[in-house]
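The task is simple: from the sequences and hints, build the whole structure.
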Amino acid sequence: MALSRAACAASGVGNVKTMFQKLWEQHEVVAETPDTPAVLYIDRHLIHEVTSPQAFTVLRERGLKVRRPDRTLATIDHSSPTRSDQIFGGVPIAIESAAKQIAQLQRNCAEFGVELFDLKSDQRGIVHIIGPEFGFTLPGQTIVCGDSHTSTHGAFGALAFGIGTTEVGHVLASQCLLQRRPRTFAINVPGALSQGVTAKDLILSIIGEIGIGGGTGYVLEYRGAAIRSLGMEERMTVCNMSIEAGARAGMIAPDEITYSYLKTRPRAPKGDAWERALTHWRTLASDPGATYDREISIDSSRLEPMITYGTNPGMVVAVSGFIPERRNDPVFDKALAYMGLTAGAPIGGQPVNVVFIGSCTNGRLSDLRSAAQLLRGHHIARGVRALVVPGSQQVKKAAEAEGLDRIFIDAGAEWRESGCSMCLGMNGDTVASGEYSISTSNRNFEGRQGPGARTLLASPMTAAASAVRGRVTDPREFLNG
Amino acid sequence: MEPIQQIRSRTVVLPFTNIDTDQIIPARFLRTTTRVGLGKQLFADWRYGADGALKPEFALNRPEATGCAVLVAGRNFGCGSSREHAPWALLDYGIRAVISTEIADIFRSNSLKNGLVPIEVDELTSRWLLEHPGAEVTIDVASATLRLPDGSAVEFPLEAFVRYCLLNGTDQLGFLLSREREISAYELAARA
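Sequences listed follow chains A and B, in order. Mapping of the first sequence onto our numbering: residues 1 to 481, in sequence order. Mapping of the second sequence onto our numbering: residues 1001 to 1192, in sequence order.
Relax, there's no trap hidden among the hints.
DSSO-like, lysine-lysine: derived pairs with alpha carbons at most 30 Å apart:
#1 A:Lys120 <-> A:Lys65
#2 A:Lys397 <-> A:Lys120
#3 A:Lys397 <-> A:Lys263
#4 A:Lys334 <-> B:Lys1040
#5 B:Lys1055 <-> A:Lys334
#6 A:Lys100 <-> B:Lys1040
#7 A:Lys263 <-> A:Lys22
#8 A:Lys397 <-> A:Lys270
#9 A:Lys22 <-> A:Lys270
Computed far set for chain A versus chain B, every beta-carbon distance over 10 Å:
#10 Lys22
#11 Glu25
#12 Arg60
#13 Phe88
#14 Pro190
#15 Ala268
#16 Gly271
#17 Glu275
#18 Ala277
#19 Thr291
#20 Arg294
#21 Ser301
#22 Arg369
#23 Gly383
#24 Lys397
#25 Gly470
Honestly, the hints are just simulated from the structure, not real lab data. Glycine included, every Cβ here is placed at the ideal spot set by N, Cα and C.
Written out as structure tokens, the structure is:
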């Protein structure tokens, strides 16, 4: 039987398949047809307080149970305070609606038998940090969460993507989702990153290159020597921001770095089960010669520390560069007017009021280390407020064990409990209107960090260097001198 | 979800690209545990001044926008977060369809689960609509066409399954649960 071209591309010609194709096919409960989407099995479901309450309401209304509580894990991150006294000190959570939302998750998890890393638990943290940290995230899995940054988990060679609340309900009730197969997009990154250039700078460059809608409809696969040389935490930073290019998922093939990260994690398979898992994981990488619907290459050796200047993550330049000029583009003008920045001006030297180090993009131990490395022996500039928020309580504990908290506190920064915090300001950690915030998070949308807040996205090193100088600063000035 | 056959309405236009879900409904309004009443927070930071008063110049606040159920916007509408609060807020406000040259994946998926019709059109049609706020359009779900005031019809992508769900008000959870036999068989085969 002659296969159509589309069917050949979908199945991989000559049985040569991309990692995405393998994972997709392994999780098809019912294959898609022209009339109906695929029923896709979901191995792991992460939930949090913001996007799950209405899904539990649907279960209650329809008398349904959580089908697989053993495949479901809940945490509290978006609305939770980062002040210790509001978590551990008996001081009530300052925002009543946040307290209510958290209490609702606690009730829902108790009623439906879902494991919850509760407010005071030392296992709690940002949903995309705790999954990998506990080995709940594993290669070869389908992983979803009612959160767009679920793409983070793709760093392990998982197919991981964000879903809405209705779909959270679908997964709770059936452990499956109705999905159409997305297209594939290879991002090849040969070479090696230079000193002072991080995974954050790489992904910001990629988004600048393909645009914030450039990945819409695709699953990205990051490939090449520069990707292979990254540690797991850096790979997570890259995959995390796939959604900022419009791609629901980003993936990196698992390798020895992946396995060594996972081996001792509490929920990772042990003993024989580990060996069996390894055997399977080693088959996941895209086959040589596998083809993608789209493919680009990024020359990593030419990358520099990057920073955004506008109101979406694709509006990005080198820290050493200039804000571009565009004629007859009212949307561009609107963004610059919101940011209070001038086309053609250098971004370096721009004064900043707030520095935020944290989030699911850059809230892991290696991120805190790289910021601390620059801050050690320095003090943040007068008038600058710096907030350091570890991505999880485990990250916090590990950072404190090596004295990073002292470096931050001695430098004049605030050291907080874990959570999403100032990335989106849901918990009251916000940036004031008109203020400039250099932030290691993922979105610089208007008002993201508070109404009128002006966000500049950058790496932890760039954020730390800028905190010391009180203005946008190339971190290489510190590394070289 | 109510069945939807046709939507006939004037358009309201937001001529910006990349309107993200933080604009559609800012994060501080997500501290809710229900899906009702979010319409008043739709585009909150664009609609209201710091004093809470409506900004008269914002498109949705103009008198001619009253009752418009079709929103026309620039490329890549709904990018950003997965918050389903975005389509909930649009629907609660009275918007029933969104037209753009490109609609972000998760927003599109969330919209279809709630009966908000995402309509992707070609560049020319989009440009005409962006330049003609208040145009009277008719959206027909069964034929997946958008009829413009001059009578011309533009087809938009709406795959058979979601078309069926919109037309019949079908809830996709019911469809999934009807696959219980296959799901159990899969779990058994995968020893999951």
